[in-house]
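Colleague: Listed below, chain by chain, are the residues.
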Amino acid sequence: MSKFYTRMGDGKRVMLTKEQIVNDIQAGFADAADMAGVADLTANEIEQLFEIISDKNRIVGVEPGNEVVVSYDIGQLDFTGDNGNSGNGIDVGRRESALLHERALGADTFELAHADYSIKPVKPIIANEMQTMEEIQSEIIIPYFYGAMPNSGLYYAPDGPYGNPADLMREFKIEEAMQAAELTADHLARDIEYVAPKLVSAGADGFNFDTTASAGDADFVGTLKGVEALRKECPNTYILLGMAGESVMGIHGSIEYKGKVVAGTYPHQQVKLAEQAGANVFGPVVNTNTSKSLAWNLARSVAFVKECVKVANIPCHVNMGMGVGGIPMWETAPNDAVTRCNKAMVEIAKVDGV
Amino acid sequence: MASGMGGIRTAGDMVARMEFSKNMKIGKAKEYVAKKLGLSSLEIADEHIMRELRDDLKIGVVTGVPNAPRGIAAKMNIERLIDTKINSCEIFREVTKKR
Amino acid sequence: MADNKKALYDAVIAYKVPGIQEAVANAQKAGMSAGEIIDAMGDGMTEVGILFERGKLFLPHVLSAAQGMKNAMVTLGPELLASGDASTKRASVVMGTVEGDVHDIGKSICSTMLQCAGFDVHDLGRDVLKAAFIKEIKEGCTMCGMSALMTTTMTVQRDVIEILKTEGMRKKVIVMVGGAPVTQAYADKIGADIYGENASETTQKAKAITN
Numbered sequence: 001m002s003k004f005y006t007r008m009g010d011g012k013r014v015m016l017t018k019e020q021i022v023n024d025i026q027a028g029f030a031d032a033a034d035m036a037g038v039a040d041l042t043a044n045e046i047e048q049l050f051e052i053i054s055d056k057n058r059i060v061g062v063e064p065g066n067e068v069v070v071s072y073d074i075g076q077l078d079f080t081g082d083n084g085n086s087g088n089g090i091d092v093g094r095r096e097s098a099l100l101h102e103r104a105l106g107a108d109t110f111e112l113a114h115a116d117y118s119i120k121p122v123k124p125i126i127a128n129e130m131q132t133m134e135e136i137q138s139e140i141i142i143p144y145f146y147g148a149m150p151n152s153g154l155y156y157a158p159d160g161p162y163g164n165p166a167d168l169m170r171e172f173k174i175e176e177a178m179q180a181a182e183l184t185a186d187h188l189a190r191d192i193e194y195v196a197p198k199l200v201s202a203g204a205d206g207f208n209f210d211t212t213a214s215a216g217d218a219d220f221v222g223t224l225k226g227v228e229a230l231r232k233e234c235p236n237t238y239i240l241l242g243m244a245g246e247s248v249m250g251i252h253g254s255i256e257y258k259g260k261v262v263a264g265t266y267p268h269q270q271v272k273l274a275e276q277a278g279a280n281v282f283g284p285v286v287n288t289n290t291s292k293s294l295a296w297n298l299a300r301s302v303a304f305v306k307e308c309v310k311v312a313n314i315p316c317h318v319n320m321g322m323g324v325g326g327i328p329m330w331e332t333a334p335n336d337a338v339t340r341c342n343k344a345m346v347e348i349a350k351v352d353g354v
Numbered sequence: 001m002a003s004g005m006g007g008i009r010t011a012g013d014m015v016a017r018m019e020f021s022k023n024m025k026i027g028k029a030k031e032y033v034a035k036k037l038g039l040s041s042l043e044i045a046d047e048h049i050m051r052e053l054r055d056d057l058k059i060g061v062v063t064g065v066p067n068a069p070r071g072i073a074a075k076m077n078i079e080r081l082i083d084t085k086i087n088s089c090e091i092f093r094e095v096t097k098k099r
Numbered sequence: 001m002a003d004n005k006k007a008l009y010d011a012v013i014a015y016k017v018p019g020i021q022e023a024v025a026n027a028q029k030a031g032m033s034a035g036e037i038i039d040a041m042g043d044g045m046t047e048v049g050i051l052f053e054r055g056k057l058f059l060p061h062v063l064s065a066a067q068g069m070k071n072a073m074v075t076l077g078p079e080l081l082a083s084g085d086a087s088t089k090r091a092s093v094v095m096g097t098v099e100g101d102v103h104d105i106g107k108s109i110c111s112t113m114l115q116c117a118g119f120d121v122h123d124l125g126r127d128v129l130k131a132a133f134i135k136e137i138k139e140g141c142t143m144c145g146m147s148a149l150m151t152t153t154m155t156v157q158r159d160v161i162e163i164l165k166t167e168g169m170r171k172k173v174i175v176m177v178g179g180a181p182v183t184q185a186y187a188d189k190i191g192a193d194i195y196g197e198n199a200s201e202t203t204q205k206a207k208a209i210t211n
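Protein chains in written order, with my numbering: chain G, 1 to 354; chain Z, 1 to 99; chain F, 1 to 211.
Rather than coming from a laboratory, the hints here were simulated on the basis of the structure. A couple of the hints might just be wrong.
[What the hints assert, rightly or not] To be clear about the criterion: a stretch of chain G counts as covered by chain Z if any three or more of its residues have a C-beta under 8 Å from a C-beta of chain Z, and this derived list gives those stretches:
| id | segment |
| --- | --- |
| 1 | 62-74 |
| 2 | 129-141 |
[What the hints assert, rightly or not] Here are a few chain G residues that sit away from chain F, every Cβ distance over 12 Å (derived from the structure):
| id | residue |
| --- | --- |
| 3 | N83 |
| 4 | H114 |
| 5 | I125 |
| 6 | Y156 |
| 7 | E193 |
| 8 | K258 |
| 9 | K260 |
| 10 | G264 |
| 11 | E275 |
[Unchecked claim] Facing chain G, from chain Z, some residues (calculated, C-beta under 10 Å):
| id | residue |
| --- | --- |
| 12 | A2 |
| 13 | G12 |
| 14 | D46 |
| 15 | L57 |
| 16 | G60 |
| 17 | V62 |
| 18 | N67 |
| 19 | K75 |
| 20 | I86 |
| 21 | C89 |
| 22 | T96 |
| 23 | K98 |
Cβ atoms here follow ideal geometry from the backbone N, Cα and C, with glycine treated the same way.
In isolation and in its complexed conformation, chain G is listed as follows (with noise of 0.2 Å):
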């Protein structure tokens, strides 16, 4: 029987025959299905699924007319960062990294992000990256966005004024905990309406909200009231809102945004809170499994963002990277598996973006 040449999440080369890539494909699905009770993938998109997967070509791509918008996020710390965010680390300036991006880099969007790329550290810096965002936007063309985290980490001790739940429910304090996480909330959400608004009086196109809800349910919450207040301040201004995983951990379990508990909802529940909150178009993230197979890993990604994109009525431009859409888990993630990932993401699960 012929095998196939694929991956696995951890990056690592197998080969799998058609049988067992199917059949990866088929649990892949169900395990989403089964989380977030999707629609189930048709025949017919598990044979494309397969045939991409199976390509005999090292690189695939979508056919012409397919294209869709790629959204840079993480600004130039895809140069400067190190490994530990897939840098290059190559200290290369702000401005030279945007015109790279346009002019070498085809990216059809870039942004302006500072080296911790957290939304707090941002205030006191606000001045420098108000002028920096003016001198490029003299010069960029693409659409050109501040990009941050929400990361409402740094409001929890040791590194914020509030106390840390993770230290707090182990003591068992869990009404103090869950009280911890909603003056988070509220924290973040004032941090946004001082920080973003400046930066579009600056020239920003708009605001990138990259890896929403990395702390829990509350960080979901608090971006989405800081989203609700940028849209009222800057009623044009462009806003990305971009997730860190496919489910929202409920760390305080119970908050809520429009009267809907953000915990435990999923891509196309979670498109529906930023289409409220005022977002033009949303991130949606599925995490990669490292033990499982790429087939397992993107049929996962693929139902997860299908069904997200069905209900959407704003674009969705999905994550893809190291460790999400698919894509396996390691720092030079495979060229073969990235460009199958985005194949399928675009010509299945029909994305507008990446």
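Use these hints to put chains Z and F onto chain G, whose structure you have.
Modeller: For chains Z and F alone, kept in the frame of chain G given last:
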């Protein structure tokens, strides 16, 4: 490379602007830009067609061409071309208007 | 008896402390032994762990269920002592996010799950020095859980294992590793005993290895 429009190599920047400013999904955004450029959705992602057109329309080209508009100048032309407002251009107009 | 077992199981899954206390009181009245009550609640906690993993219950709910169990243990304590059936902690575990890394949510969830599963957890927090892990092991921890969320810090997990070898303590301690960039292959490469894809899996493997 596998799935992207290619930014100012083609019309990716303008399609992105329509997604973000009007919440248009990819198909509609491409149709909208294509119509404004007098092209098809397939053609606006074609480097061969878009390289010359961008030069002619003075909306910025990906290669280094002396006198080709960059930054605000190119974006002001894009505003007129696809009938949208761009924040940095609005601010530029505001700070340079006669008082 | 079966009804009481089910009531205990259901009460733990419902994660309300008064409900768990009531179910324990009813079970005692019905003549269930302390050991049987604890077993029934343990089954409930296992289900709570599964529901947590599937995103149906969240951390405060798990903690609330654990608090109910903890209270029940206090109530049942005298009977357990009298019967000689006093349960001991499964093992003492030192947990921490390795030095240079400040991502501790996943590790904290894992610590909580281990605590709920009956482990004596010494959570040192984040950015934990290698020497701090070693100190806890020297002071009696027989398990060591290290989390790393960055490719730049995951190497510290290997360093700690190497120190354990150098100091002749490797065989005395079960080493668990986890975190986003960490994989089974990496765990095998550095010689860890347990790789946990997530908190539930880590807890299950920790329980299995200590049974």
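Colleague: Classify the hint on L57 (chain Z) as holds or violated, based on whether any CB of chain G lies nearer than 10 Å to its CB.
Modeller: violated (12 Å)
Colleague: Can we confirm that no CB of chain F comes within 12 Å of the CB of E275 (chain G)?
Modeller: holds (22 Å)
Colleague: Would you check whether A2 (chain Z) satisfies its interface hint, that is, whether its CB is within less than 10 Å of any CB in chain G?
Modeller: Hint on A2 (chain Z): holds, closest Cβ of chain G at ~4 Å, below 10 Å.
Colleague: Minimum C-beta separation from E193 (chain G) to chain F exceeding 12 Å: can you confirm that?
Modeller: holds (25 Å)
Colleague: Could you check if T96 (chain Z) really has its C-beta closer than 10 Å to a C-beta on chain G?
Modeller: Result: violated, 12 Å to nearest chain G Cβ.
Colleague: Closer than 10 Å between Cβ atoms is the bar; does N67 (chain Z) clear it against chain G? Give me holds or violated.
Modeller: violated (15 Å)
Colleague: Do at least three Cβ atoms from the segment 62-74 of chain G come closer than 8 Å to Cβ atoms of chain Z?
Modeller: Since three or more residues must qualify, the claim that chain Z covers the segment 62-74 of chain G holds, with 9 doing so at under 8 Å.
Colleague: For N83 (chain G), is the shortest CB-to-CB distance to chain F above 12 Å, so the non-interface label stands?
Modeller: violated (5 Å)
Colleague: May I ask you to test the interface hint for V62 (chain Z) with respect to chain G, counting a Cβ-Cβ separation under 10 Å as satisfied?
Modeller: holds (5 Å)
Colleague: Going by Cβ atoms, does Y156 (chain G) stay more than 12 Å from chain F at every point?
Modeller: violated (10 Å)
Colleague: Hint validation: K98 (chain Z) versus chain G, beta carbon distance must be below 10 Å. Holds or violated?
Modeller: violated (21 Å)
Colleague: Would the hint on G60 (chain Z) be counted as holding, given a Cβ-Cβ threshold of 10 Å to chain G?
Modeller: Holds, about 4 Å.
Checked against the numbered hints above, the structure violates hints 3, 6, 10, 15, 18, 22, 23; every other hint is satisfied.
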